[in-house]
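Visitor: Sequence lines, in order, name chains B and D. Take the position in the first sequence, starting the count at 1, then add 980; the result is the number in this note's numbering. Take the position in the second sequence, starting the count at 1, then add 120; the result is the number in this note's numbering.
Treat the hints as calculated values from the structure; they're not laboratory data. Where a beta carbon is used, it is the ideal one built from N, C-alpha and C, also for glycine. Careful: at least some of the hints might be erroneous.
[Said to hold, decoys possible] In silico contact screen, one side only, chain B against chain D (beta carbon under 7 Å); selected entries:
#1 H1023
#2 L1026
#3 L1028
#4 Y1030
#5 G1042
#6 T1066
#7 F1070
#8 F1083
#9 G1086
#10 R1088
#11 A1090
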Amino acid sequence: AQSVSQHNHHVILSEAASLELGCNYSYGGTVNLFWYVQYPGQHLQLLLKYFSGDPLVKGIKGFEAEFIKSKFSFNLRKPSVQWSDTAEYFCAVLSGGYNKLIFGAGTRLAVHP
Amino acid sequence: EAGVAQSPRYKIIEKRQSVAFWCNPISGHATLYWYQQILGQGPKLLIQFQNNGVVDDSQLPKDRFSAERLKGVDSTLKIQPAKLEDSAVYLCASSLDHQGIAGYNEQFFGPGTRLTVL
């Protein structure tokens, strides 16, 4: 069965610092990968997704993620974080033929001004 | 466009009691999902409906959990009887269809119902 690992459970950064959140998946075939974000008090929303093509995917709010097939990774990056990026970030993989998402455990990011 | 609506937002019950959650998906969305998110974990799919039929309920604990979507629109998820380990946030999501371009349709999530079982 497919699985997703997020190794950083809590990350604390100062504003303007660079961000990289790790995500590794288990499946060796074709994968469709996602990053979701949940801001405090808000619902889960899609940040970016990868299906095929350019392995560097750009999402909303200046986030990007790089798909590295050889490393089974899909890390999320942002060159300069803001206080408003404080949230929980979830990596997910599409599993099977019925739009089923498998989520990682999430990473809580706290950005201090 | 209105989002996915869920109620109640919070519920506290004692173990062995029953509880029900309600979800109204985005208008026109054929597929509805219920997820369980335990503290410190990511959301886990419990059940997926396509219109009023079940597509996937492989991770639904059927001895105590049930869900229905009778008219293919809103849905209820019930737990009877509840256990301590059922304490979690229950998320509802919807998508246009269960398949689309590259086999994917974006899922839109509701605010969730936080259940505490004492």
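Visitor: Hint by hint, work out which the structure violates, then give me just those numbers in ascending order.
Guide: 3, 4, 5, 6, 10, 11
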